[in-house]
Structures are given as C-alpha cells and as structure tokens.
Amino acid sequence: MALLEIKNLHVALEDGTEIVKGVDLAIDTNEVHAVMGPNGSGKSTLAYALMGHPAYEITEGEIFLDGEDLVELGADERAQRGLFLAFQYPYAVPGVTVASFLRSAVNAVRKARNGGADDPVPVPEFRKRLMAAMDELGVSKEMAGRYLNEGFSGGEKKRIEILQMAMLDPRIAVLDETDSGLDIDALRVVAGGVKGLVGETMGALVITHYQRILNYITPDYVHVFVGGKIVAEGGPELAHRLEAEGYEAFVPAEALAGGES
Amino acid sequence: MAVTETEVVQGIGSDYEVKYGFHVAEDYFFKSGRGLSHELVDAISSHKDEPDWMRKFRHQSLDYFYARPMPEWGGDLSGIDFENIYYYIRPTEKQANTWEDLPADIKDTWDKLGIPEAEKKYLAGVGAQYESEVVYHKLKEELTSQGVLFLDMDSGLREHEDIVREHIGTIIPQNDNKFAALNSAVWSGGSFIYVPPGVKVDLPLQAYFRINAENMGQFERTLIIVDEDAYVHYVEGCTAPIYSSDSLHSAVVEIVVRKGGRCRYTTIQNWSNNVYNLVTKRAVAHENATMEWVDGNLGSKLTMKYPAIWLMGEGAHGEVLSIAFGGEGQHQDAGGKCVHVAPHTTSVITSKSISKNGGRAGYRGLLEVAKGAHGARSKVVCDALILDEESRSDTYPYIRIDENDVDIGHEATVSKIGEEQLFYLMSRGLSEAEASAMIVSGFVEPITKELPLEYAVELNRLIQLQMEGSVG
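Read top to bottom, the protein sequences are chains A and B.
Under my numbering, the first residue of the first sequence is numbered 1, with each subsequent residue one higher.
Under my numbering, the first residue of the second sequence is numbered 262, with each subsequent residue one higher.
The reader is advised that the hints may include incorrect statements.
Output of the computed footprint for chain B on chain A, the stretches with three or more beta carbons under 8 Å from beta carbons of chain B [as the list claims (entries may be wrong)]:
no., segment
1, 53-66
2, 75-81
Covered stretches of chain A (in silico footprint by chain B; criterion: 3 or more residues with CB under 8 Å from a CB of chain B, positions within the stretch not fixed) [as the list claims (entries may be wrong)]:
no., segment
3, 96-105
4, 108-114
5, 201-208
Hints listed in this document are in silico derivations from the structure and should not be mistaken for laboratory results.
As the structure is a computational prediction, the values presented were derived from the model and not from experiment.
Ideal placement from N, C-alpha and C gives every residue a C-beta, glycine not left out.
Bound conformation, chain B alone (with noise of 0.2 Å):
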C-alpha cells in the first residue's frame, strides 16, 4: 500500500516562497562582477588555483560560446541577458566538513531545505553547493575504506587531476554546444564520483544545488566513472529563490560506465521561475554496462535538457524516465536520447508530461541506431496530460535508423483530466485539487514507483504543490 498518498496531502498548504523560495544576505567570501570575459575566466581558474590546461580548456571553450549562435528550437532563450550575470561567486573560503562549520545563514538555508536530516536518515554521502561552490561536503567512512570517490568537482581536479584530465569533456565535448561551452568556460563546483570495480554503494549520494544571490549563474560540472560491475545512485536536487529578475542554471554532467557497471542517476529539479536551466547530460555505456536517468523537472522558466546515453558495449542497457510539469510561466522542454552504437543493446525512454494554466510540457528525443547495431532492441512511450485548455504539450520523437536487425517500439498518448473524472474522484469527498493530483499521482506512478521512498513522496508532494498553483 502506498504510503504516498497521505504524505502527498501533508504538503497541501505549504508553498514554494515560505519553503524554498526565501533569501538569505549575502556575505561572500568573492563575488565577481556581472558579465563574462576572458578576465572573468582567468580570475575563477586563479582562484581555483588551477593548473595550466585547465585555464587553456577554459579559455578556448570561452571562445567556442562567442563563436556559436544562440539555439533557435527548443525554448525561447532571447530573455537571457549573459552581462547581466554574476558567473563566479565563492560564499566561503573553505569547505565544511561539519553543518556547524557553516555560517548561520547558509547552516540555516539547508537546514530549512533538509539536507543535514536527510544525510542522516538514508544518505551515503551529500555534497552542496552554494552559488559556485561547494560549501560542505562528505562521505560516509566505510565507502572512503572502499575506495569510493565523492569530491566536489574542484576538489577532484586538485586531488585527481590525471582522471580529471583523461575524462573532462570527453563525453561531452567543450564545443558540443552553446551552452556546454559556457559551462566549460566558466565551471565551478559540480561532483567528482569514481566507484571502484565490484562497489556497490547502497545508499545514494546526494547533492543539492542552491542559488541565493538574484542574477546568479550556476555552472557545476560532474565527472561519474562508474567502474565494472560497480553501481551507484547519485541524486540531485536543486532550487532558488523567487526574484523578479533571471539567473541562469547551465550544468555538464559527464558519466562513464564501465563493463557490467550501473549507473542510476535521479534528479529533482525545482528551481524558481526566474531561472532558464540549460543543462547538457550525457553518459557512455560499456559492454553489458546500465545507465538510468531518472529526471524530474517541475521547476524553472525554461528547462532545455535532454539526458543522452551512449550504448557503446555489447548488451548495454540505457532507461530515461522523464517527468515535466509545465505550470503558469514556464516551459518544460524535456526528453532524452539514446544512441545504440553497438549490437544487443537495448533501451527505454519513458517520458510523462504535465502542463497546466498556461503551461508547456513536452517531450523531444532522439532513438538512433547505428549501421552494426544488430539485435538492438528499443522503446519509447510519451504520455501528455494537459489539464486545461490555455495549456499546450508537445512531442518531437526523433528516430534514426541505420541498422535493418531491429525491434523498436513508439507509442505517444495525450490526454486530458475529463469532468467525468473528476466528478467520479469528488463524489467520494475529495476536493477538485485533491481530485486533480490525485489523477496526476497515478499519471507519474511508473515513474515515481523507481525511485526509493523518500523521493517519490518528495516527488509527489511537489506534483501536490504545482497542482494548488502556488508554485512561482
């Protein structure tokens, strides 16, 4: 039975400005100025202390950003001013291995966010980052003993630098796009994670994006080797302040999985309506290797992101389950893709879209299977639920075939909450929203029935929020 339900109802009352939307003053350790320059790039890599070829990578992916045209699909990106932005702000001057290490305000902004308590109850390990940089940062004892890897990004970079260096932007190259090039140009924080062959980390790790400042940029940057037959959930979270004005939320995350490995990487993104979050996911999957992305966008102005997999190794396995919730203002365009490259790999994107007062939510993805690929198996399912008629979703289902040995599957419904519905749900006594998230719960359920329970209550509790329309 599921316990969700009773803890979806709890969070009926509670809104985005009393619980993740409040500020904090700033007293930071550096703030730069806004706008982005070859000085702005040469100051963060200074203050990282950085090696020579980074400031090179830094500064040649700077000059990739000029050189490419803004995107013209997806989302509409003409509101983002790039002089507008504050790329680097450093709040501490070193990272905490304590809550109590951090000053009040910052201690206090996690606490109200849950992170300490969580890390307590069932975490392995949390990293979060505040602005550019990772304020606190742990791991539990027995997976350091194993040899596990749990660092921030820049701590990876001084601690490793050789797998640093091997993998940065190998997966995702400086030039892929716009946006990827920025991030490579301005990186700050993000998570470094290495799991050594045959390591199982049973409990999550978790990492936690704040932005606190208005007209903040956020560009983390996360390196995930997953080596063979090792498995790890990494889970992130992510919200912001209400402001008027826009900040800019723009990640990379690169992830290796080698022969037999699993990698499942969840992420519950609810920044604040002011923020355009740009991100580019991809992973490579080695032979008979799993990646899963597990990605719940119910935040943000405007989400661009599609999380990639690779299918490199014979048998390789890759999953997306997308959920985007577009509610008033705001413009979910998700979706994922897989790339089968090598023969008997199989993959399944699910995606499930909501969109309600005005909203957009949809679905773009790319199926492609390369010339060699024999055996390989896939399928794609795209659902929509719009719940009124201001609402709009949309669905861009890329396929790309160039192998004749295959089994592909598309299958993509729209649907709309009927009266006749609701009317049934309201006769035994719930209220029309309760009615409503209830529709919406059952809607999402192949996906929040993955996650482990603390996520899909969270998850849920969010869906309940967006649902009472006090989000934003």
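Looking at chain A on its own, in the form it has when it is part of the complex (with noise of 0.2 Å):
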C-alpha cells in the first residue's frame, strides 16, 4: 500500500452538491503527482476535503495515510499525522508573529506523536531551524516578527505556506495552486522549496490549472481532472500536452462546462 493512498472518494457540498465524483490516487515518498484541472473542476476542493474542511463532505470512499483512515478524523489530527496543505488563499491571524505561530504549530505536532505528552522543541533549536528555512526559502529575517499573513504579498503568503510545509515536517504535502499568483522569481524559490522537500520522507500532490509550475517541480505522474473525476493519467508528458492541447482534448466541450460549479 503506498503512503497515501484515496480510494473512490466522493465528497459533497452542504446542500448534498457532489463535487468529487469518485477519485482513486496512490502517493508514495519520493513521488511528485500532478493533479491538473481547470477552473471549477473541484481541485480545491478535493484539496479541502483531503486536509478535512467540515464544509466539504465525503460522502463515500477512503484516505489512507500509512494504513490509516483519515475520513473521521479532524483537520488538526491529520496534521499530526504528517498530511500538510498549502493553502491557495492562507488566513491572516492578526497579533501572532509568524514564528509564534510556527513554533505552536511545530509544538502541537510533536506533542502528538510523542503519545500525547509534551515534547516541546528548545528554543534555540527551534530558532535555528526557522532561520535556517527562512534562508532557504529566501525569506527575509523579519518576517519572523509580523503577524502571520497580515498585509503580506502574494508571493510572500506562499513563500510563508512552504516555510510552515519545511517547519511540520509532512509525509504527505498537498499543494492548492501554490503556483497562482506568484513572479517567475518567486515560483522559482517555492518550487525549489517543494522539491528540496520531496524525498525519503515526504511526496507531494500538486493541484494546478497550468502546467507552469511543473516546469520547475518535474512530476512523477500526472493526473488530469477534469468534472470531480480523473479523465486521464500518465508521466510528465501528459502535463506538455495538456499545455499544447487545452482541456477540451480530453473531454467533450459540453462535459467540461457541466463540470463548472
């Protein structure tokens, strides 16, 4: 079984809508897989409903992680179980610095797999893994101090997301179109951040609409989305093809814009 692994997922709206229609994807360490789709396709929320938003029901199907149903557990147990989301629109909390907040989150999570028992990090090191990061990632020192989100850029709300995926230390990193709204710079840095993460230890899910991103982050697999449902899959080739070809090669016009919602 690899360590990811969401069987015939079917996942509902409030109002009983059914935005994903039956999804199977299988992820492993070491994996890159591409989930591309266009606008409306339910991407995000396949993402949400992944990371387990109570706005998203998942009426059928399972999510595996490491043989574990995820489907009953709450957002902050799958965090601890090593699933990450980087969200495309992250949350601003006003009055909590950046590496306050990490370092709760970072608290919260090694709290939980060590039996429940606090096992908080030492300050120093705690320090010295942060600016390390923020290095890394191109992040400048006082973003450490400002509140979380507040009054950031695009690029720097993304930037911020990767930081948090290198401080959690993921098995399983899903990325909710990381790449919209980011300068080839900054796609560049949050593109090298994710494949420098990607390894022994963790595989990534990037959900985009274009293919520019995988420019820089070279997938395994590529899954096209397309109406709440998988149409087509295969290696990074399927990605350029997409680009050259549009969505309209894999579906018919008329199912594409009944997949709108």
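Given two chains presented individually in distinct reference frames, assemble the corresponding complex, making use of the accompanying hints.
Next up, the structure:
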C-alpha cells in the first residue's frame, strides 16, 4: 500500500451537491503527483476534503495515510499524522507572529507524535531551524516577527506556506494552486523549496491549473482532473500535451461546462 | 519572539476551581453581621479608631447611598441583596510584614496564588488584602528611603492623615454614584501611594485582593499621588472562591498625577462568576502628565467599570486599554472615559472585547472635549470578537465635543472567528481550542504587548482558561 491512498473518494457540499465524484490516487514518498484541471473542476474541493475541511462532506470512499483511514479525523489530527496542505488563499491571524505561530504548530505536532505528552522544541533549536529554513526559501528574517499573513503580498504568503511545510515535516504535502499569483522568481524559489523537501520522507501532490509550476518541479505522475473525476493519467509528457491542446482535448466541451461549480 | 505562546499552552488543564476557586476555613478576628446600617458604619470606624471627620464622611456617604436609586443602565443589578452581604471582616488582629507571620490558612492561600514568589522575582512592593483588611504589606527598603509611601489605606489615614484628608473624595465625590457612596461609607483596605518628585519606581507595586467568605462585600479604597516627574506602575489582581450565592466588590480608586508625572494602573480582574464587580476609578492628569489604565476584565458575574482620566493640565496624555472577556453567565460592561479640559491634551482609548458561550462583553465609553481645550487629539478604537452565535457584544461610544479645534477619531469593528481561519490553524496541527485561543491572544495582543512579560503571560493564560470553558 502506498503512503497515501485515496479510494473512490466522493465529496459533497453541505447542500448535497457532489463535487468530487470518485477519485483514486496513490502517492508514495519520493514521488511528485500533479493533479491538473480547469477552473471549477473541483480541485480545491479535493484538497480541502483531504485536509478535513468541515464544510466538505466525504460521502463515500476512503483516505489512508500509512494504512490509517483519515476520513473520521479532524484537520488537526490529520496534520499531526503528517498531512499538510499549502493553501491557495492563506488566512491572516492578526497579533500572532509567524515565529510564535510556527512554534505552537511544531509543538502541537510534536506532542501528538509523542503520544500526547508535551515535547516542546527547545527555543534555540527552533530558532536555528527556522532561520535555516527561512534562508533556504529566501524569506527575510524580519518576517518571523510579522503577524501571520497580515498585509503579506501574494508571494510572501506562498513562501510562508512552504516555510510552514518545511517546519512541520509532513509525510504528504498537498499544494493547492501554489503557483497562482507568483512571478517567475517567486515561483522558482517556492518550487525549489518543494523539490528540496520531496524525498525519502515526503511525497507531494501538486494541484494546479497551469503546467507552469511543473517546469520547476517535474512530476512523476500527471492526473488530469475534469468535472470531479480523473479523466486521464500519465507521465510528465501529459502536462505538456495539456498545455498544447487544452483541457478540451480530454473531454467533450459540454462535459467541461457541466463540470463548473 | 514571544515566549507567551508556550506559557499559554501550559495553562491547559488547570481550572478556576482548583487554582483560584478554593476557600479556607474562617477563623477571623472580627466578622460583622449581615446587612448595612449606621451602626455598622460606626462599628467599622471604631474598629479602625478613625478621626471624627472620617466617621462623619462615612455616615454622610451612607445617607447618599440610601438616597440614590439603583442605576438602571449597564448590567442587571436586581440580584444584589444588600441585606445579605457581610460588609466588614477583619481576618487578623495585626498586619504582617513577613508571610510567615500570617495564620497558616491565609499564608497558604497567598502561596497558592503565587504572590510571595512574585514578590521575590519582580515586584517593588506588595499589599495583600484578605476580606476587608490588608493582612500583609511590604515595600522595598530603597524605595522607603527615597520617600515613597506604599501603605494600606487604613495605615495611610493613620500615618498621613493630612494627605488623605486633602484628597479623599475630591476626585470621586462621595455622592458620585450609588456604589461610590457605598464604598465611601464602608470602605476598608486598599492602597495608599505617594511617589515624591522625580522618583521613578522601576518595578511594579502590586496589590492583590482576595475574597474568601461567602456573601462577602469587599470595599477597598485606593489613593495614589504621583508627584512631579515621578513614575509608578501599580498592578492589582483579584480572585475569589466559587459560591452559589453572590458577593459584592465595590472599590473606589482616586489618582492624582502631577506635572510631568506618569502613572500606569494595571488590573487583572479574575473574580469568580458569583461576584458583582462595580468599581469607580478616576484619575486627574496635570500639565504634561501621563495616566494609563490597563484594565483586564476576565472574571465576575457582572462588571461595570469605566476607568476615567480628566486631562486638566496642558499637554496631559491619557490612555485606556481595556480587555473584556465575557464567558458563560458573565456580563462585562467595561470601557473608559477621557475628558479633555486643557489645551493640547491627547488621549487614546483601545477596547478589545471578547464574548463566548452566551456571555456579554462590551465597551461603554465617553470622550469629552470641553470648550477651550483647543488642539485636543483623541482616538477611540473598539474591537469586538464574538466566538459563537449565542454571545453578544455591545458598543456605546458616547462623544461630546464643545470645542472646534480638535482632532478626534473613532473606529469600531466587530468580528467573528471564522470557520476558515480555524480550519487554517487546525490544518497545522492545533486543536480547535488551541486555534481559537491563538486567535483571541492575537486579538488582544495590542494590549498584552504593553504589559510586563509576567502579566502578559498571566493574561494570556487566563484567556486560555476562559477558552477551555473551565471558569466558573
């Protein structure tokens, strides 16, 4: 069994509208999977449902991480077990600095991984790790003392998402349109950060509309996602075909329109 | 990097009942009967061996109290039964100046509340009031030798009668309001502080107020005089046991800050949820003086308290930072008042109120600029955070301006903790309670960052306790 196994996943909104209509995916460490789809295909719903957003109901199917079904777990428990979601639109938390937020998050995860007993990271060690990770991602040091995402530019927000990913040591990272709103320099840094983390302990699921980010992170597998379903699968060459031919090549135009939500 | 967050997390699991809500046996030197009368006022005055003018002051105040109707605004006061309250309890015959000299139960209480430890670590002086009397009092030697006076109010009256007589009831007249009148009639304990010209008291002076008996009425009276170019930071904390019937706390605090002086007064109010907390606090700031109220209200059943600053001298500056947290069964009617009387005076009122589990918290404030106070500047910011659908926040920002040449700003926001914001934090491994507490800590951060670290930590920890829903 792969590290993350998604089986026949169906996701509906609170009003019952089904958005994700039976998805199967298997992701291992050392692997980068890309889910590519047009606007309204349900990509973000898939990401939120994986992380356990309370507004999205899993009506059918399973999500296994290391063999454990996550479906009944809250977002906090999924995070503690090693799932990470880089948000397309991260939220601001006024009055809470990036550093103090990260320390609380790291300690919450450590506590859970220590069987529920407190295991706070020593401050000097935390500081060292944070500074090293910030360096790596080209995040200026003063960001540590700023309030989380408050007044951050789009690029800063995305870098801070990747910084959080680096600090939390996830097993599987889901990146929801991390490339949107980034200029080429920021994209290169962010993609480099993700690439640096994928390895023996982590695999990644990159959700994107465009092939652009895949120029910097070469996916091992590409899944084309239209109307809440995976309609085609292949290697990195599939992304290039998509770029050249558009999503229309994979489904009839009317099905594409019907997939909007 | 803030140290507070981990400290906050350490507070999880403890609760009010264990930490503050306990009570110990009553073995008192004197306890009055229930109820209020001129005989009671006489008994208090005799116990304290007071001068005649004070006895008269008390009797007159009681008449004012009887004559005034109950306020019909603010919170619901109908539950107060004045005849069921104990107005005066003297726990020990004498005040101690070492903790060891206190009766075991009382010393134990202070140890549990961490006061002796705090005194050793970061305080310049401590007054500890238990029921009606300050049972322990101490000021660091070097401050005494600089002429700083920090006594309980009864000793202040005995030893510095002229100063007390000159000021008491001048900032807050006996008949200012019904509860100021009550305090003036039956007051006991509180602090008397005088800081001589030019003396800066670097470490805070702290008073701690503890109610132990059921149906207790605590009426401390505080007078602070900060002379020219002097500085003091006074901090008060308060807690009480949890009882099923109500207690009453009604203090009066009068402050004078002379030319160029600065006074900061910090309150961390954490009464149990059966205490009515009806307090009158007012300061006058003279030329170029600064007065700051930092008012944290987390406990009590009902609090009605609006610390006031009268800016009487040119260039005087006033600040009110108010935090009100209303949980289940609580109503915090908090706020502040700034009155600009002199030219070029400035003031800032920042209010942060949080309500949850059906609680009510809000801001009631007055900003007034008198004719002639030209060049006055003021800013009022009130933010409310409502944590669920059952809870309520109210804002009553009264503004009265009689001068044209002024610069006044007012902003108010109301927000709710959103599902999206919670989900974002929880997706990083924080539990829902931790995530909510983090949002609330951030919300009050503009105020906690003004506090010395120890108090910021304490305040954050109390907020965490409130978030756990374990208070009361």
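key: Hint numbers contradicted by this structure   = 5
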